[in-house]
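> Now for the letters of each chain:
Protein chains: 2
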Amino acid sequence: MIKPEHVHVIGGGLVGALTSIFLAKRGFEVSLFERRGDMRKLAVEAGRSINLAVTARGLKALDEVGLKRDVLDLAITMKGRMVHDMAGNTTFVSYGQKENEVIYSVSRGELNKLLLTKAGEYSNVHLRFDQRCVEHDLESNQISFTDEVSKQTHNVQAKVALATDGAWSVARQAMLANVKNFNYAQNFESYGYKELVIPAAAGGAFQLEKEALHIWPRQSFMLIALPNLDGSFTCTLFLAYEGAVSFAALKTATDVNAFFAREFAGALALMPTLAEDFFRNPTGALTTIRCAPWHVDDKLLLLGDAAHAIVPFFGQGMNCGFEDCSTLGVLLDAESDWRSLFQKLEAERKPNADAIGTLALENFVEMRDTVADAKFQLKKRIGFELEKRYPDRFIPRYSMVVFHAEIPYADAYQRGIEQEVILDALAAGIADISKIDWSHAERLMQHARPF
Amino acid sequence: MIKPEHVHVIGGGLVGALTSIFLAKRGFEVSLFERRGDMRKLAVEAGRSINLAVTARGLKALDEVGLKRDVLDLAITMKGRMVHDMAGNTTFVSYGQKENEVIYSVSRGELNKLLLTKAGEYSNVHLRFDQRCVEHDLESNQISFTDEVSKQTHNVQAKVALATDGAWSVARQAMLANVKNFNYAQNFESYGYKELVIPAAAGGAFQLEKEALHIWPRQSFMLIALPNLDGSFTCTLFLAYEGAVSFAALKTATDVNAFFAREFAGALALMPTLAEDFFRNPTGALTTIRCAPWHVDDKLLLLGDAAHAIVPFFGQGMNCGFEDCSTLGVLLDAESDWRSLFQKLEAERKPNADAIGTLALENFVEMRDTVADAKFQLKKRIGFELEKRYPDRFIPRYSMVVFHAEIPYADAYQRGIEQEVILDALAAGIADISKIDWSHAERLMQHARPF
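Which chain is which? The protein sequence lines are A and B, in order. Here the numbering used here is used: the first residue of the first sequence is 1, the next is one more, and so on. Here the numbering used here is used: the first residue of the second sequence is 1, the next is one more, and so on.
Pulled out of the complex, with its shape left as it was, chain A reads as follows (with noise of 0.2 angstroms):
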């Protein structure tokens, strides 16, 4: 166990603040800085957040502090994707085939200020905020910080920081510049993405089915949408930046309606405000980070985005960053030292991380072209049938990484290689899962292993 003493934590976003909760409960002094003003006050403007899916990994590491609870309370059960063709016909894809196999939909500043709210209540933790960190002396391990009310900046003097500040992270810049061999790599998709809106209809009903993801895919580009506790849905188009069919194509509000009209007419009738939405927010970026260390020595660690930015196609952001803070919790207990807890905490998630990282580039694929296709489909419910005949040989991919918290997601990547193979040899040449030849099946699953 390591003996509770001050720890700083530079970031007060989600895993900021949900490692400041871990840390508190086992009696260390925790000073979490912030560059945001404090959200506890304000009200989250609804339909203006990015909304996330909590899952069984994210769930975990809430439990573990007592908190699964409460952000049940906040969130809408999502059962499936509600798949919107051209014509306007639904296709509903169940995510899982048990009863709890659900994922669910929750405000990231409703998520944020609850998690905020329990950590403030420790009285060992100190949330500073407005506090935009500017600079960080790995020798030194000193913090600065600039005060975004008064503009002044002060430094801080660390023994231990964890760095929870976002895929932008100050102290990883740091640690660019300064560490040597640092291993890094920026990526930025071809594509980014704006968040647009469906408002509740009078009465706060809402207007599409409400416990469904719903997408529009659309081969190179889709629009997704995801419920709010106040009717709306909150909606995300992705989109090549360039290119015929992208962002630069679409200069003004009758191109914007335009291309919704042909390709998103069902949701358009229901976006009373897409072209003031489209052009006052931002188009925003997606970016996978992958570096190497993760650690300075015994002062600093990088946790979350900070250490593994991955673009948002498997909902699996938060969800990894969370089970970052679990391993940390484990390891605060196991382990003596802050040197060997960082090493063992990074040689433990890092393959993790690139492994989420990697198949949420690839989940991109599945959920803009893939998902809309039969053949998808069909090897989507010879997976569940499967995991039904072979229950200890065969989970589908999507569920590994959403349901089964206790299937690290490098096992999952690689068993979902594995069963790809499976499933294109018994999808091959026919259309409908009554054709399956089942003895095949059974030599298959012969050499699969058991989990």
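The hints are simulated quantities; they were obtained by calculation from the structure and are not laboratory data. Using N, Cα and C, we set each Cβ at its ideal position, and we do this for glycine too. Possibly wrong hints are sitting among the right ones.
Here are the in silico distance ranges between beta carbons for each label pair [said to hold, decoys possible]: (1) A:E211 x B:Y241: 37 to 43 angstroms; (2) A:V134 x B:G243: 36 to 42 angstroms; (3) A:T91 x B:Q142: 55 to 61 angstroms.
Below 30 angstroms or equal to it, Euclidean Cα-Cα: the simulated DSS-like pairs (lysine-lysine) are [as the list claims (entries may be wrong)]: (4) B:K435 x A:K251; (5) A:K180 x B:K344; (6) A:K251 x B:K299; (7) A:K251 x B:K344; (8) B:K151 x A:K180; (9) A:K68 x A:K25; (10) B:K180 x A:K194; (11) A:K350 x B:K350; (12) A:K113 x A:K210; (13) B:K60 x B:K180; (14) B:K194 x A:K180; (15) B:K180 x A:K350; (16) A:K60 x A:K210; (17) A:K180 x B:K210; (18) A:K344 x B:K251; (19) A:K151 x B:K180; (20) A:K299 x A:K98; (21) B:K60 x A:K180; (22) B:K251 x A:K299.
Let chain A serve as the given structure and place chain B on it in line with the hints.
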């Protein structure tokens, strides 16, 4: 054709010097800034320079500016690899099978000196030495240099800047910090390298076969030696940083001598200053750097290692950089504006730079490991035989990369993958080339794409 004007070249290494010559021949006014002093006036210290292998792509670019002959005059022909096993036996493995399929060992220092001398002979080339680039303002294209003698910093206003300042390019670092959605990766290997030397015998005689690249492959590490004009060999030890057999484990002269006695006994006998060299020379790092874009508007272009640093195991770093110069020459004649030149150069060169970066990493495994393997040597012979029988459809991968400048690296990479399947099939279950089933080969080769 781009109208000749003033161009700033940052970095006077091999690629910067050759870039300046390509520009000067076309009438451009070139200001070349180099961090180091004027090496034209200094003797290159024998046995202390990293050796390079000049091959077809490099020679093609040199030929385009009339310097092929001058460079070959500095070079020693290497006809193949001389593999030294643990018992001290040697096996010669030819690089090619045609008379002219050889590579050329040349001293980096001598080659750089030659290229700067030739560049300096153009009245429209202005060489500025002792100028350390410290900042590149991408907005204004103003570049700051610190004079290494006076320690004064001054600014230079460029219209068009070509950054050839190597793997740690200041311009590229400015792009990483300032260019939106800049893709970037730096990856360090877990092993480093150390320069060592086998001096000439009394009277300047070579102590090993002169016309070969010597290699002592030992699975996880290796020693190589390239001939110098003065009869010495420049040796390089590639070894893991950490672990049981590693740089970290070699702490004393006794450790180093014992390690060499055990692993490289034949070489040790020729290395009187081994321990001294080992502890005086730094341990170098091996890095692969990839980025995109390579240019900023019509203002700045990265070339050579600044755009695409690779590991040295295919001996193609300089050759790839010189190929950049060759493409630059073609586009200077074909294009009418810089923006379009920069875009086309990047579109043509980036896939090839990526491919040789990957090939170079893979070749370490070949050099340290499979080169000593009977199956490797059998497949090498089968490849040569296929090239003889099917010259329009099979060229061994090594030959495509090293002897065939007309085959882009990216094509060589892709064809190499396809050819490996054929070689594996033909080599399976046999130990000698006389046992090959040539009717099987005929069937396989029917599917091979003609060049």
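> Against each hint, give a clear statement of whether it holds in the structure.
We went through each hint and held it up to the structure:
A C-beta distance of roughly 53 angstroms is found between A:E211 and B:Y241, which places it outside the suggested range of 37 to 43 angstroms. One distance hint, 36 to 42 angstroms for the beta-carbon pair A:V134 and B:G243, holds here, with the actual separation near 39 angstroms. As the Cβ distance of A:T91 to B:Q142 is approximately 58 angstroms, the hint placing it in 55 to 61 angstroms holds. Simply put, B:K435 and A:K251 have alpha-carbon atoms about 68 angstroms apart, too far for the 30 angstroms limit, and the pair is violated.
The suggested pairing of A:K180 with B:K344 is violated, with an alpha-carbon distance near 35 angstroms, which exceeds 30 angstroms. At roughly 27 angstroms between alpha-carbon atoms, A:K251 and B:K299 fall within 30 angstroms of each other, so this suggested pair holds. Restraint check: the Cα-Cα separation between A:K251 and B:K344 comes to about 27 angstroms, which is no more than 30 angstroms; the hinted pair holds. Proximity of B:K151 to A:K180 is assessed by CA-CA distance (about 26 angstroms); at most 30 angstroms being required, the pair is judged to hold.
Only pairs whose Cα atoms come within 30 angstroms are accepted, and A:K68 paired with A:K25 is accepted, the gap being roughly 15 angstroms. Restraint check: the Cα-Cα separation between B:K180 and A:K194 comes to about 17 angstroms, which is no more than 30 angstroms; the hinted pair holds. Among the hinted pairs, A:K350 with B:K350 is consistent with the structure: their alpha-carbon atoms are about 29 angstroms apart, no more than 30 angstroms. For the hint linking A:K113 to A:K210, the alpha-carbon distance of about 24 angstroms falls within 30 angstroms, and the restraint holds.
Taking the CA atoms of B:K60 and B:K180, the gap is near 36 angstroms; set against the 30 angstroms cutoff, the hint is violated. For the suggested pair B:K194 and A:K180, the alpha carbons sit about 17 angstroms apart, so the restraint of at most 30 angstroms is met. At most 30 angstroms may separate the alpha-carbon atoms for a hinted pair to count; B:K180 and A:K350 meet this at roughly 27 angstroms. A distance of roughly 25 angstroms separates the Cα atoms of A:K60 and A:K210; the hinted pair therefore holds under the 30 angstroms criterion.
Distance restraint check for A:K180 and B:K210: the Cα-Cα separation of roughly 37 angstroms exceeds the 30 angstroms cut-off, and the hinted pair is therefore not satisfied. Distance hint between A:K344 and B:K251 is fulfilled; the C-alpha atoms sit about 27 angstroms from each other, no more than 30 angstroms. In summary, the hint linking A:K151 to B:K180 is supported, as the alpha carbons are separated by about 26 angstroms, within the 30 angstroms threshold. Proximity of A:K299 to A:K98 is assessed by CA-CA distance (about 44 angstroms); at most 30 angstroms being required, the pair is judged violated.
Between B:K60 and A:K180 the alpha-carbon distance is near 37 angstroms, which puts this suggested pair outside the 30 angstroms criterion. For the proposed pair B:K251 and A:K299, the alpha carbon gap of about 27 angstroms is at most 30 angstroms, so the pair holds.
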